[in-house]
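Peer 1: What follows is the residue order along each chain.
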Amino acid sequence: MSDIHRRYLDHVLTFGKCIRLHDSAAVAESLSFLDKISSLDSIPDYVKSDSIKMLPPLEVLRNNGWFKGVNQWGIVIDGYFNLLSSLKSLNFKNAIKYSSKIVTEVSKIARNEDRWICIPLMTVTTELRKLVMIYIQSSDYDEDVKSQEKQKRQQYGADFQLSLDEELANVLQRPFKVCLSDKSEEKKIAVYFFANELFRTYIKFEKFDAAKNMCKVLLHSPNLPPLSSVPKSQSVTYKYFLAMVECMNFEHLENAAQLLNNALIDCENSPKNGETFKNQLSILLFLMPINFLMYCQLPSPTLWERYPSLAITFRKIFEAVKQGNLKQFDEEVADIQILLLKRHVYSFYIRMRPFVELRLFNKTAHLYIGEKTHIIPLEQFTRAEGYSSGRIFTQEETESRLASLIFSRKIKGYISHGNKVIVLSKKDPFPKQVVPIK
Amino acid sequence: MVASTEQEKPSEVSEEKAKVIKTLEEDDEFEDFPEDDWTDDKAVGSTQHGHLWDDSWEDHDDDNDNFTQKLAAELQRNDQQ
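Going line by line, the protein sequences match chains A and W. Counted the way the numbering used here counts, the first sequence spans residues 555 to 992. Counted the way the numbering used here counts, the second sequence spans residues -2 to 78.
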């Protein structure tokens, strides 16, 4: 027997021993490939050497005694060596195919195993998702998509779309479902981990309806462990994605605010670089407009100091909200419109604009020094609107804006069109919008 | 008189701001945390979180910015007309 075959045999036997012992960490380590990418050259290619053909993993495992799931483990080990071989030859598409096969088979194995299988299942799932993301960012992906789309369009017509995202989502659903439907409830502890993997995939590929449906499934699932019982990396990520989905329905915005505030509170307090800090920025990109819309809270000087990139981009917007400065608000929002759209927060800034006007009208009333301070000429508000927005306003436009704010109970009073005045309530004409965080 | 003449003319997006905007646009992934878990004392926590927010949006106490002063002058000018 050649040296390479001997090394292969040792490898498979060690693998089998770890599985028999239910050594979670060792099996996960044996199935991991991303941490081996930098040293692939030093790993033998058991596919090219024909080792797996001559000594199929299943036969090697069986010859050393039967154990539960041995057939599937044989397929997993075979897939793993093929995966490494594909990576060595930089064939991402094949690597993804074998990685998907491994996730599918380990999911099947997991149905009949207890909690020990969770870590290996998490490892193969997260590495598949990361491999797909690496592939998508590579130039190979663009070329492959173009040539395959062309081929498939010729075959199936113009409606065909390549659906790597759907294939990935289908595979990632398997471990999620195994844990969610676990009758022994031992594996339910891993539900949030797999939900996060699916959330990342759905959001990345903008499958928002699928993300919404998953939230419904989770909400109606009995006996899920409390979020406080899982590691914070999982609970913070889960709250962030759940909040993103809640943001799609304005009526659920308060729930989103609570999830995001809790996610930030639980987030690791990191130095100003790295992944953790980036995650804090992602949470705050949502939280800044949402905390304003829900609680009329503005980012404080401490926030701007701690997050300089947010200060550079957003400080002037919130300064305009505080001042009632319509022109500055509109210009600053227009400057970063693409960013706001890409980060899915544009609609919040549209909803914030009436508050800028409210602030302006509140100031106008506060600055009015007439005889009866609750009866104010509409001309004052028209002037204020004109000054703040940088364009001429008609009285009708001002009346319409005031009427809208009166209707939404942000101003208490009525407009006397004939007398060209607004009569404000003597008591609390601008009811407090600030509400404490629950 | 309107803000276009009274307020400062908006500058074009500075190079630094354009760079930051681009980074925020591109870094849109929620990353895998480097650590799996951490204790409460290593987290941002409620106290630090509380310092990040300002509840004074509706107050008039600090209405001494340039915009408000010019708005007041504009409204007063209107009163006198």
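Calculated directly from the structure, the hints in this document are not laboratory data. Incorrect hints may have been included.
Straight-line alpha carbon distances no greater than 25 angstroms define the calculated SDA-like cross-link-like pairs of lysine to any residue that follow [unchecked claim]:
1) K19(W) x R869(A)
2) K39(W) x L567(A)
3) K742(A) x F27(W)
4) K981(A) x K39(W)
Peer 1: Taking the hints in turn, state whether each one holds.
Peer 2: Hints, one by one, checked against the model:
no. : hint             : in the structure
1   : K19(W) x R869(A) : holds, 17 angstroms
2   : K39(W) x L567(A) : violated, 42 angstroms
3   : K742(A) x F27(W) : holds, 23 angstroms
4   : K981(A) x K39(W) : violated, 47 angstroms
The structure fails to meet hints 2, 4 from the earlier list, while all remaining hints are met.
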